[in-house]
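So the protein sequences, as listed, match chains H and L.
Per the numbering used here, the first sequence starts with residue 29, numbered consecutively.
Per the numbering used here, the second sequence starts with residue 9, numbered consecutively.
No lab work stands behind these hints, which were simulated from the structure alone.
Please note that a few of the clues may not be correct.
[Unchecked claim] In the DSS-like style, the derived pairs of lysine-lysine whose C-alpha atoms are separated by at most 25 angstroms in a straight line are:
1. H:K296 / L:K238
2. H:K318 / L:K219
3. L:K238 / H:K403
4. L:K238 / H:K401
[Stated by the list, open to error] Restraint-style ranges between C-beta atoms, simulated for each label pair:
5. H:P368 / L:W320: 46 to 56 angstroms
6. L:R364 / H:A319: 54 to 64 angstroms
7. L:R364 / H:G402: 24 to 34 angstroms
[To be verified] Chain L residues, not near chain H, derived (Cβ > 10 angstroms throughout):
8. G244
9. P248
10. S343
11. D427
For glycine and all other residues, C-beta sits at the position ideal for the given N, C-alpha and C.
Chain by chain, the residues:
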Amino acid sequence: MPHVALPHIGTDTAWRDAARGLVSRGVPPSEVTWSRGAAEADLFATPPEEIAPASKTISVPRSFVELANTVIWHSDPERFARLYALLWRLGSEKGLMEDRGDADLAKLRAMEKAVRRDRHKMTAFVRFREIGAPDQPRRRFAAWFEPTHHTLEPTAPFFARRFADMDWMIATPDLTAVFEDGALGFAEGQPKPEIPDDATEELWGTYFRNIFNPARLKVGAMMSEMPKKYWKNLPEARHIPEMIASAESRARAMQEAAPTLPPLRAAKITERLAAPRVLRPMADDLDQLKAEENACTRCPLYENATQAVPGEGPRDADLMVVGEQPGDQEDLAGRPFVGPAGQMFDRIAREAGIERDRAFVTNAVKHFKFTPKGKRRIHQNPNTSEIKACRFWVKSEIELIRPKLILSMGGTAAESLTGSRKGILSRRGSIEATEGGVPVFLTVHPSYLLRLPDPALREDETEKFRADLKSAQAHLEELRAQ
Amino acid sequence: MVPPDKLSQAPPLVRQGQEHYLNLMTTHSLERKLAILSDAARYDASCASSGTSKRNSKDGKGLGSTEGSGICHAYAPDGRCISLLKILMTNFCIFDCAYCVNRVSSNTERARFSVDEVVKLTLEFYRRNYIEGLFLSSGIIQSPDKTMEDMVRIAKKLRLEENFRGYIHLKTIPEASEELIEQAGLYADRVSINVEMPTDASVTQYAPEKKPDTIRRAMAGVRMRKEAAKEKSHTGKRPPRFAPAGQSTQMIIGADGSNDATILGQSTRLYSSYGLKRVYYSAFSPIPDATAKLPLIKPPLMREHRLYQADWLMRFYGFDATEITAGTDGNLDLSIDPKLAWALRNRHAFPVDPMRADRETLLRVPGFGERTVQRIIAARRHRRLRWDDLARMGANMKNARPFVSLLDWTPGALLDSPDLAARFAPKPEQLSLF
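Modelling step: build the complete structure from the supplied sequences, incorporating the hints.
If you want it as structure tokens, here you go:
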């Protein structure tokens with residue numbers, strides 16, 4: 029009966045080579061025994077090098093390779109046999125690796141999890157102490173650690189990637205990892221070496237004690253993540269008993285302490301910070317208007333939006349463009365017409381001969397209305413009362429800018445400016461007027477074009493929109509000439 | 009604290025800090041400062057050090073690595089993970105936020121780290137494998153810009169002079185200038201801005217110097233910068249990465265009267281608007297020298313826990329906030345988890361057959377986690393699943409029992425039994441006298 033004795037260092041590759049050879053020779057799991065290091069003398073043992081190398085390539089699912097590479101480091105002596113038994117079954121059972129309900133696989137998965145956890149805890153709980161002089165070009169550190177499984181070999185590369193500019197050693201009862209001048213090597217395990225004290229541990233203890241909130245004592249949560257078996261090698265752990273013991277009285281003392289009088293400087297500072305806020309009754313200037321729009325609570329939309337998005341453009345613009353409401357991008361930037369629909373408008377407006385930089389652009393509603401959907405915000409049409417509430421601001425902007433012509437895009441803008449959004453497609457291209465008598469040229473909203481799924485139809489509609497804008501521009505020029 | 013007689017033999021780190029500090033107005037030792045400024049930082053819940061770009065120092069020229077998942081290097085008896093050196097640069101503060109131990113009107117002891125001290129502490133702790141990196145926050149001194157500038161200097165020095173490749177989280181100050189926030193994102197893995205309270209009204213009431221709309225705008229700014237950093241320029245060059253681990257925020261639970269529906273609604277809005285990685289909920293916890301404006305309570309830890317569970321349901325299980333709190337008084341049931349509570353209120357949707365149900369439906373079964381669902385879907389292609397299979401796949405069958413039907417199990421009348429909810433309620437417990 030073949031017996032495979034695997035080496036202490038490089039156990040993973042040795043097992044893989046042996047298993048491959050055994051499978052290709054057709055040796056069933058019941059006829060092979062395994063050990064790490066030389067097992068008790070077995071007269072029938074076969075040294076691994078005598079197991080014939082694989083004569084044919086054996087293909088196994090990648091998930092098995094990953095599983096084996098982890099389980100191999102488990103401390104259970106049965107691990108090699110269990111892995112080999114599963115490998116054997118894989119030859120005839122398709123889909124076995126995906127079956128989490130299979131009892132053999134479930135056992136190996138549990139072992140895999142234990143090794144993963146042990147490796148993770150090693151990356152977390154190894155504590156280096158400085159053993160060289162701190163002013164050396166390469167500083168020297170050493171640590172003693174006691175893992176549950178044989179996890180130093182697979183975990184040492186983590187430390188090599190992280191602590192590459194210093195020399196270090198991690199000693200465990202089983203194996204020692206040494207990293208010197210950028211090269212990682214392993215040696216046999218050793219009894220716990222004497223590593224001199226490191227004064228930084230005092231500072232670390234100070235931090236550990238002070239970051240702890242005594243009002244939230246949850247010892248169970250700590251114990252499940254940092255079990256006691258690790259405590260003896262953690263310098264901070266010696267503070268734990270005292271921290272737990274005093275927590276309740278410290279928390280109670282905080283609650284019972286009477287409020288104190290604030291220090292003298294406090295009042296002065298607070299007074300200085302409380303900036304005077306003068307509320308002017310009427311907007312008399314664009315910046316003032318913007319500030320007032322931002323403080324608007326006339327409808328509930330302000331509650332969800334980032335900010336109000338006021339109109340933007342030259343004070344003396346004779347064309348005012350009114351869209352629907354800010355979208356996602358406008359809401360973030362606080363500027364109108366910067367999102368996809370705005371960019372599309374800019375492009376077509378330029379093609380239609382509109383001097384975009386000389387136009388004042390704004391929206392009928394100043395806050396973004398949306399419903400949250402995971403990581404996105406889905407645009408919602410503002411309703412009549414929201415449009416009505418915001419009409420106040422649109423009117424103020426019109427009064428301030430005094431445009432010769434307003435380009436109204438979409439139903440919401442039409443409703444805000446003319447009082448009705450009905451039949452916008454039949455009214456497009458026509459000129460109506462605001463209550464105050466400013467001419468309003470009606471067209472659709474550019475986002476309507478963006479939403480059309482059919483490219484041909486979209487092309488058609490884009491052409492119509494461009495024609496509308498040209499006609500608006502022509503009208504504006506007429507008005508300018510008057 | 010190190011007793012004074014030990015200071016003479018203190019390591020270079022301590023000595024240097026002391027020398028430096030002789031020039032400053034106070035004479036705290038580095039250790040005392042660390043005590044004060046970590047004590048002041050403990051109310052920030054975030055400890056994440058995951059999800060940033062992958063880096064290492066294999067070239068031998070720097071220190072540190074980040075490999076996707078974070079590492080908790082220690083746990084304090086409050087059950088919280090210690091992953092980062094979480095400190096304030098200073099706890100001097102000109103603001104007067106009622107819930108905060110560092111508010112201007114508190115008589116707490118004050119201290120301030122120098123740039124070099126923070127850099128040195130971070131590196132020395134990191135070298136000894138105590139931490140994953142630095143989480144730097146600060147009270148506001150002089151002005152928001154001045155404070156932010158000093159914080160950015162620390163991050164910059166760590167990255168550019170010391171070649172530090174570990175994790176850096178900077179708490180940014182919403183009132184600081186855009187250029188400074190831009191810089192913060194260049195050196196930090198994560199930036200965060202706290203919304204502080206669940207509603208604008210509460211922020212205005214308890215943190216009078218903070219402006220909710222400034223906070224929102226700052227978060228919007230971070231999202232825009234992050235998106236801009238993803239776009240290649242016309243030359244095909246990628247701009248430098250901006251805060252690769254994203255942004256997060258925190259709100260205090262239980263200090264104001266907001267109910268859980270309001271809190272989860274706020275989170276939903278924050279997640280959808282600013283691409284936040286996490287919203288942290290921090291149970292309002294007693295602070296030394298509290299103000300009379302905000303009486304201290306026992307921190308509502310269970311409520312905090314339930315909110316995190318609900319938050320998870322929203323982010324990974326396809327629930328929305330309104331479903332989670334529908335049919336309640338606006339607050340989550342403290343005795344059972346929110347998914348179980350939802351299932352008990354929506355029994356008409358059960359039992360679910362794990363062999364047939366789609367992923368979305370499976371995710372709503374109590375006791376089934378994301379991974380269990382993934383395993384069920386993979387395994388059921390090959391064969392029929394039984395009770396034991398599900399148990400082996402990691403399902404919590406105690407919770408799932410009434411809500412699934414299997415080849416060898418049907419809940420029968422159990423699902424509709426009037427005492428079903430009572431079966432899940434925790435056993436009565438002796439109340440603590442304190």
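For each hint, the structure was consulted:
Restraint check for K296 of chain H and K238 of chain L: not satisfied, since their Cα atoms lie roughly 45 angstroms apart, outside the 25 angstroms limit. For a cut-off of 25 angstroms, the pair hint linking K318 of chain H to K219 of chain L stands: about 17 angstroms separates their Cα positions. As the CA atoms of K238 of chain L and K403 of chain H are separated by approximately 17 angstroms, the hinted pair is consistent with the 25 angstroms bound. Pair hint K238 of chain L plus K401 of chain H holds up; C-alpha atoms about 22 angstroms apart against a cutoff of 25 angstroms.
At roughly 32 angstroms, the beta carbons of P368 of chain H and W320 of chain L sit outside the given window of 46 to 56 angstroms. As the Cβ distance of R364 of chain L to A319 of chain H is approximately 59 angstroms, the hint placing it in 54 to 64 angstroms holds. Restraint check, R364 of chain L to G402 of chain H: a C-beta distance of roughly 26 angstroms satisfies the suggested window 24 to 34 angstroms. With a closest Cβ-Cβ approach of about 21 angstroms to chain H, G244 of chain L is found to remain outside the 10 angstroms limit, as its non-interface label requires.
Under the 10 angstroms C-beta cut-off, the non-interface status given to P248 of chain L relative to chain H holds; the minimum distance is some 20 angstroms. With a minimum CB-CB distance of about 18 angstroms to chain H, S343 of chain L clears the 10 angstroms threshold, and the non-interface call stands. Under the 10 angstroms C-beta cut-off, the non-interface status given to D427 of chain L relative to chain H holds; the minimum distance is some 29 angstroms.
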